[in-house]
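K.L.:
Sequence:
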Amino acid sequence: LFRSAGVGGALKSGAEIKKALRNMRKDMEGLFKTMVQCAPAQLPKLLSSGLEEEELVLIIRSLAEHGAAAAPQQAFELLEGVAKVPRVPIVLAMLDRKDAKMLEALLLRLHPSKASEAGQVTYDVEAWATLRKALGV
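Using the working numbering, read the sequence shown as starting at 24 and increasing by one per residue.
I should point out that these hints are in silico values taken from the structure, not numbers from a laboratory. Everything numeric in this text was worked out from a predicted model, so none of it was measured. The reader is advised that the hints may include incorrect statements.
[Claimed, not checked] In the DSS-like style, the derived pairs of lysine-lysine whose C-alpha atoms are separated by at most 25 Å in a straight line are:
#1 LYS107 / LYS68
#2 LYS107 / LYS41
#3 LYS49 / LYS35
#4 LYS107 / LYS121
#5 LYS121 / LYS56
#6 LYS107 / LYS56
#7 LYS49 / LYS124
#8 LYS56 / LYS137
#9 LYS35 / LYS56
#10 LYS41 / LYS68
#11 LYS68 / LYS35
[What the hints assert, rightly or not] Label pairs and their in silico Cβ distance ranges:
#12 ALA33 / ALA157: 19 to 29 Å
#13 PRO135 / ALA38: 33 to 43 Å
#14 ASP147 / LYS107: 12 to 22 Å
#15 ALA38 / VAL148: 30 to 40 Å
Glycine included, each C-beta is placed from N, C-alpha and C at the ideal position.
Let the hints inform the model, and build the full structure from the sequences given.
P.N.:
Here it is in structure tokens:
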């Protein structure tokens, strides 16, 4: 399986992130583990050209399937970073119903009252509400 970008550190460019997204389409757990190596605050800079719908859906799916239960704090921070990537709000507004529902369910699972059952979270309801608004859900 493809591992080159994830081994020995974080993805260092938007091109590496996009390549990982392409190559790990069928490995949601691996994709989540790869994405959490990226500093969420760096995502808007690294992905300054924005994300395509397919790429964004892969990130959301990896968080929904592996992040929310296993590492809610990391999943939340990653989603915060993604929300600040250029053009993401526009892409989110155009998601089909199934993908929009997946994002909504992910956010509900990341609510501090729910997420704290899965592990320690440091964000509060206010931060969660801000993220939800930023994602247009």
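K.L.:
Each hint should be assessed against the structure and marked as holding or not.
P.N.:
Now for the hints, and whether the structure bears them out:
1. LYS107 / LYS68: holds (9 Å)
2. LYS107 / LYS41: Roughly 17 Å between the alpha carbons, so the hint for LYS107 and LYS41 holds.
3. LYS49 / LYS35: holds (22 Å)
4. LYS107 / LYS121: holds (23 Å)
5. LYS121 / LYS56: Answer holds: LYS121 to LYS56 is near 24 Å, not above 25 Å.
6. LYS107 / LYS56: holds (20 Å)
7. LYS49 / LYS124: Judged against 25 Å, a Cα distance of about 20 Å means the pair holds.
8. LYS56 / LYS137: It holds: about 22 Å lies between the C-alpha atoms, which stays within 25 Å.
9. LYS35 / LYS56: Measuring from Cα to Cα gives roughly 15 Å; hence the hint holds.
10. LYS41 / LYS68: It holds: about 14 Å lies between the C-alpha atoms, which stays within 25 Å.
11. LYS68 / LYS35: Holds: LYS68 and LYS35 sit about 11 Å apart, inside 25 Å.
12. ALA33 / ALA157: 19 to 29 Å: Since the Cβ atoms of ALA33 and ALA157 sit about 23 Å apart, the hinted range of 19 to 29 Å holds.
13. PRO135 / ALA38: 33 to 43 Å: holds (35 Å)
14. ASP147 / LYS107: 12 to 22 Å: holds (19 Å)
15. ALA38 / VAL148: 30 to 40 Å: For VAL148 against ALA38, whose Cβ atoms are near 37 Å apart, the range 30 to 40 Å holds.
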